[in-house]
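Take these sequences, add in the hints, and give me the full structure.
Listed below are the residues making up each chain.
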Amino acid sequence: DAGVIQSPRHEVTEMGQEVTLRCKPISGHNSLFWYRQTMMRGLELLIYFNNNVPIDDSGMPEDRFSAKMPNASFSTLKIQPSEPRDSAVYFCASSLDGVQPQHFGDGTRLSIL
Amino acid sequence: QKEVEQNSGPLSVPEGAIASLNCTYSDRGSQSFFWYRQYSGKSPELIMSIYSNGDKEDGRFTAQLNKASQYVSLLIRDSQPSDSATYLCAAYTGGFKTIFGAGTRLFVKA
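Those protein sequences? They're chains A and B, same order as listed.
Just so we're aligned: the first sequence equals residues 2 to 114 in my numbering.
Just so we're aligned: the second sequence equals residues 28 to 137 in my numbering.
Honestly, I wouldn't trust all of these hints.
What the hints assert, rightly or not - As a list, the in silico DSSO-like pairs of lysine-lysine whose alpha-carbon atoms are at most 30 Å apart:
(1) B:Lys-29 to A:Lys-25
(2) B:Lys-124 to B:Lys-69
(3) B:Lys-69 to A:Lys-69
(4) B:Lys-29 to A:Lys-69
Keep in mind the hints are simulated off the structure, nothing from the lab.
Computed from a predicted structure; not experimentally measured.
As structure tokens, then:
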């Protein structure tokens, strides 16, 4: 079975540019989560969806961050404009129903110069 | 604020020893608990789930849950250098939300 698929695996871009991260959850999973991980702050939950509906976006750090889930098999996390402090590894995870354990994608390593 | 607390370590054990990783959680309503292993540069990988008080064993891993004390632990028997990683404790607190601890770094010395 395919796991959670994230793209791109690495992204290097200049400050001020728009960044779009993509995620395909495990087929049949109804809950999707976006996390950011840094050495300083650990794993931070940014936003999560259930049945394509955003449930809680209180972890989104600023209005520069937005996330969508147009259908059950695709989600995006967008940063516009990007800043150097956004540099981190961004993980997408999915769960069968939000109660069952989450399964993580390989992550996107984002560097903003 | 709901929290999951772990000692950041590093915890260093010799090869073949038992590694004991501990975790406490603040929300008494937490229902399910998970241990994830994260190798450097990789994503968190689920290794154990536990839902009721007591012990749950899976190979060299044993998860222990004590809801009265709000305490979860992970024992790794016969530790191997390949077990060296960061171990994340997580608690499902309801409303589709799982809270992760900051992780404990484990080093197994050959």
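Results of checking the hints against the structure:
1. B:Lys-29 to A:Lys-25: Holds, at roughly 29 Å.
2. B:Lys-124 to B:Lys-69: Satisfied, since the Cα-Cα distance of roughly 22 Å is no more than 30 Å.
3. B:Lys-69 to A:Lys-69: 25 Å, holds
4. B:Lys-29 to A:Lys-69: 26 Å, holds
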